[in-house]
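Given the sequences, and given the hints that come with them, work out the whole structure.
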Amino acid sequence: MDIKAEYIGIVAGVFTAFSLVPQLVKIIKEKKANDISIIMLLVLFIGIGFWIWYGVIKEDLPIIATNLASLIINLLVIGFSI
Numbered sequence: 001m002d003i004k005a006e007y008i009g010i011v012a013g014v015f016t017a018f019s020l021v022p023q024l025v026k027i028i029k030e031k032k033a034n035d036i037s038i039i040m041l042l043v044l045f046i047g048i049g050f051w052i053w054y055g056v057i058k059e060d061l062p063i064i065a066t067n068l069a070s071l072i073i074n075l076l077v078i079g080f081s082i
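Note that our numbering numbers the sequence shown so that position 65 is 65, with each residue one more than the last.
Please keep in mind that the hints were generated in silico from the structure rather than gathered at the bench.
Computed from a predicted structure; not experimentally measured.
Even for Gly, the Cβ is constructed at its ideal location relative to N, Cα and C.
Any given hint might turn out to be false.
Said to hold, decoys possible - Label pairs and their calculated CB-CB ranges:
#: 1; residue 1: Met40; residue 2: Asp2; range: 30 to 36 Å
#: 2; residue 1: Val11; residue 2: Tyr54; range: 17 to 23 Å
#: 3; residue 1: Asn34; residue 2: Ile8; range: 35 to 41 Å
Here is the structure:
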């Protein structure tokens, strides 16, 4: 794979993985999560799980690492929402 393409993939993964951080901060700060769709988070959680599985099959560490970070953040959002 082209090194530039790999860096683009890593940057995309980092931005995607941390996309829920502002929502997580808001939930923690306001101590409420009334407008959060748990179903959307569960669908996202399942999709992330498949990305991690795909990364393992392809032996692609950037895919695995960024999606593991996303999984952890997603779990935190779900946990704080409940």
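We went through each hint and held it up to the structure:
1. Range check, Met40 to Asp2: Cβ separation about 34 Å, and the 30 to 36 Å hint holds.
2. Look at Val11 against Tyr54: about 19 Å separates their beta carbons, and that is inside 17 to 23 Å.
3. At roughly 37 Å, the beta-carbon separation of Asn34 and Ile8 lies within the given 35 to 41 Å, and the hint holds.
In summary, the structure agrees with every hint in the numbered list given earlier.
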